[in-house]
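Residue-level listing of the chains:
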Amino acid sequence: MDDAPTATETTATGSGSGRVTGTFTVKRGLADMLRGGVIMDVVNAEQAKVAEDAGAVAVMALERVPSDIRAQGGVARMSDPALIEGIQEAVTVPVMAKARIGHFAEAQILQALEVDYIDESEVLTPADEAHHIDKWAFQVPFVCGATNLGEALRRISEGACLIRSKGEAGTGNVVEAVRHLRSILGDIRQLTQADEPERYRWAKELSAPIELVREVASSGRLPVPLFCAGGLATPADAALVMQLGAEAVFVGSGIFKSDDPARRARAIVEATAHFEDAQIVAKVSRGLGPAMAGLEIGTLETRLADRGW
Amino acid sequence: MEIGILALQGDVSEHAAALADLGVGARPVRRPDQLAGLDGIILPGGESTTVSMLLESSELAEPLGKELAAGLPVFGTCAGMILLADRIADGRPDQRHYGLIDLAVRRNGYGRQTQSFECDLEVAGLEGGPVHAVFIRAPRVEEVGPAVEVLAALVPSAVDPGAGRAGPDLDPVPVLCRQEGVLVAAFHPELTADRRLHRMFVSMIEGTEH
Numbered sequence: 665m666d667d668a669p670t671a672t673e674t675t676a677t678g679s680g681s682g683r684v685t686g687t688f689t690v691k692r693g694l695a696d697m698l699r700g701g702v703i704m705d706v707v708n709a710e711q712a713k714v715a716e717d718a719g720a721v722a723v724m725a726l727e728r729v730p731s732d733i734r735a736q737g738g739v740a741r742m743s744d745p746a747l748i749e750g751i752q753e754a755v756t757v758p759v760m761a762k763a764r765i766g767h768f769a770e771a772q773i774l775q776a777l778e779v780d781y782i783d784e785s786e787v788l789t790p791a792d793e794a795h796h797i798d799k800w801a802f803q804v805p806f807v808c809g810a811t812n813l814g815e816a817l818r819r820i821s822e823g824a825c826l827i828r829s830k831g832e833a834g835t836g837n838v839v840e841a842v843r844h845l846r847s848i849l850g851d852i853r854q855l856t857q858a859d860e861p862e863r864y865r866w867a868k869e870l871s872a873p874i875e876l877v878r879e880v881a882s883s884g885r886l887p888v889p890l891f892c893a894g895g896l897a898t899p900a901d902a903a904l905v906m907q908l909g910a911e912a913v914f915v916g917s918g919i920f921k922s923d924d925p926a927r928r929a930r931a932i933v934e935a936t937a938h939f940e941d942a943q944i945v946a947k948v949s950r951g952l953g954p955a956m957a958g959l960e961i962g963t964l965e966t967r968l969a970d971r972g973w
Numbered sequence: 186m187e188i189g190i191l192a193l194q195g196d197v198s199e200h201a202a203a204l205a206d207l208g209v210g211a212r213p214v215r216r217p218d219q220l221a222g223l224d225g226i227i228l229p230g231g232e233s234t235t236v237s238m239l240l241e242s243s244e245l246a247e248p249l250g251k252e253l254a255a256g257l258p259v260f261g262t263c264a265g266m267i268l269l270a271d272r273i274a275d276g277r278p279d280q281r282h283y284g285l286i287d288l289a290v291r292r293n294g295y296g297r298q299t300q301s302f303e304c305d306l307e308v309a310g311l312e313g314g315p316v317h318a319v320f321i322r323a324p325r326v327e328e329v330g331p332a333v334e335v336l337a338a339l340v341p342s343a344v345d346p347g348a349g350r351a352g353p354d355l356d357p358v359p360v361l362c363r364q365e366g367v368l369v370a371a372f373h374p375e376l377t378a379d380r381r382l383h384r385m386f387v388s389m390i391e392g393t394e395h
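Going down the list, the protein sequences come from chains A and B. One gets the numbering used here by counting positions in the first sequence from 1 and adding 664 to each. One gets the numbering used here by counting positions in the second sequence from 1 and adding 185 to each.
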């Protein structure tokens, strides 16, 4: 503290010692800045522009939206780098991109492209059925999906700086998103009541590190932001999950598989910002045209949410 | 005292926590009627293009502009700095900015997220040693008008540690600036536990600062 400036100094001469990049604070900090916003799936620069014009806080680059992955089948992989670069050129908001679960080489490529966030995503075909990416090894922050508290804490222990409840991507059906969000937040509420021996039992049952279990028990929240994804299709869906406790939303097929993507995108942005104000959510919900058709969960051949370990 | 926090999008709750630590009342502002009777307002970090769009759709853009023009003290962090700046490079043509502080800023002027950084920062007139500053895809100040007081700046080596070369960045880059009742930071004091800059803003409102 010897070099502390005195109260008589009035003009800054410049400082900035100890500069570091890629810290947990910096990585999670971007997730904090996205709170209250909508992150939209886009497959090309044109869609990215539509998303940004509608007020998206970030866009997620992927080769096909989840509903097309479902319909077309085949292995779903990281996007072509040229497409990602085209999206980076087209917009000024953060650009996220998806890598396959466990595919650290795809993640290395995304880091080389300087994407702003990497989503290690169950929507793509997993590359490893036992191991997730060691996310601490990267400068770029990661978001991962979770269906329950244990899965969320395992991803955080691997270095994820943002958790999204998985829902069931590409269905336009919000029921799984609600299930996963309620599971995570309900378990957090219960965990805050646990005494120390019960916390050890929670750690065992969640297959999660005791240190993270203790942190959640004492803070009453995840150590990183919790967003919601998977099946959101309407402004009302966004308002629902925000009221349940999500801090922001990811919307995938729900926008660009609807009849009027630009209007629907903007309506979902407004509903997410004003999620507690039913007058506004009602106003923006009017006359949007048909939402994506959607799928019953019971009819699905593949449950994407089951991917992840 | 009651300070509003523009709560359309971004890290609103961190600013609310900072004000709570100082024993100052905080009011989230999402509608025009919530502007009434405030002693000051904080424009938090977030995505400036999103906040700009939501200001229009929420019919807040004009009433907030009137309050600010009438002298409502304001503290803008990161995206908030962009909203208050006079000139924006690399912004969207339809992006709202109030022009209340004579700065030109470039959005994401330090680069993409991989270049986001934290460092120690000496603040003119602030006792107790440097503040720890977190820069997330931060706006970069490119021009400073004569009426602006630069309270903290980054030396060139902290702006671009790879650059030992001579270049356009030899002057320190301002990151904390004030012009009368307008305080702006390119970084996020709300993301650390140090409350001195929020206290500085509260002191500005009280008119008791040095």
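Some hints here could point you the wrong way.
[What the hints assert, rightly or not] If you want the ones that stay clear, here's a sample from chain B, every Cβ over 10 Å from chain A, calculated:
1) 209
2) 238
3) 250
4) 257
5) 276
6) 284
7) 302
8) 331
9) 338
10) 343
11) 365
12) 379
13) 380
14) 389
15) 391
[As the list claims (entries may be wrong)] With the C-beta cut set under 8 Å, the calculated list includes, among others, these residues of chain B facing chain A:
16) 199
17) 297
18) 309
19) 328
20) 332
21) 335
22) 388
Treat the hints as calculated values from the structure; they're not laboratory data. Note that the Cβ used here is the ideal one computed from N, Cα and C, for glycine as well.
So, going through the hints one by one against the coordinates:
Residue 209 of chain B, annotated as away from the interface, keeps every beta carbon of chain A farther than 10 Å; the closest lies near 21 Å. Remark: the non-interface label on residue 238 of chain B conflicts with the geometry, its nearest Cβ contact in chain A lying 4 Å away (cut-off 10 Å). The beta carbon of residue 250 of chain B is kept farther than 10 Å from every beta carbon of chain A, the shortest such distance being approximately 19 Å. Every Cβ of chain A is farther than 10 Å from the Cβ of residue 257 of chain B; the closest lies at roughly 22 Å, confirming the non-interface assignment.
For residue 276 of chain B, the condition that its CB be more than 10 Å from all CB atoms of chain A is violated, with the nearest at approximately 8 Å. Distance to chain A confirms residue 284 of chain B as a non-interface residue, since its nearest Cβ pair spans about 20 Å, more than 10 Å. Its beta-carbon lying about 5 Å from the closest one in chain A, residue 302 of chain B breaks the requirement of being farther than 10 Å from that chain. Taking the minimum C-beta to C-beta distance to chain A, about 13 Å, the non-interface status of residue 331 of chain B holds against the 10 Å cut.
Residue placement check: residue 338 of chain B does not keep its beta carbon more than 10 Å from all beta carbons of chain A (closest about 4 Å). A beta-carbon of chain A comes within 10 Å of the beta-carbon of residue 343 of chain B; the shortest separation is about 3 Å. At roughly 15 Å, the least C-beta separation between residue 365 of chain B and chain A is larger than 10 Å, which holds for a residue marked as non-interface. No beta-carbon of chain A is positioned within 10 Å of the beta-carbon of residue 379 of chain B; the least distance is around 13 Å.
With a cut of 10 Å on Cβ distances, residue 380 of chain B stays outside the contact zone with chain A, its closest approach being about 17 Å. Residue-level check passed: residue 389 of chain B sits 15 Å from the nearest beta carbon of chain A, beyond 10 Å. The claim that residue 391 of chain B is not at the interface with chain A holds, since no C-beta of that chain comes within 10 Å of its own (minimum 16 Å). The beta carbon of residue 199 of chain B is positioned within 8 Å of a beta carbon in chain A (closest approach about 7 Å), and the interface hint is therefore held.
The beta carbon of residue 297 of chain B comes within 5 Å of a beta carbon in chain A, closer than 8 Å, and the hint placing it at the interface holds. For the restraint placing residue 309 of chain B at the interface with chain A, the shortest Cβ-Cβ distance is roughly 5 Å, inside the 8 Å limit, so the hint holds. For residue 328 of chain B, the shortest C-beta to C-beta distance to chain A is roughly 16 Å, which exceeds 8 Å, and the interface hint is violated. For the restraint placing residue 332 of chain B at the interface with chain A, the shortest Cβ-Cβ distance is roughly 14 Å, beyond the 8 Å limit, so the hint is violated.
Proximity of residue 335 of chain B to chain A holds as hinted, the smallest CB-CB distance being about 5 Å (cut-off 8 Å). At its closest, the beta carbon of residue 388 of chain B sits 12 Å from a beta carbon of chain A; the interface hint therefore is violated under the 8 Å criterion.
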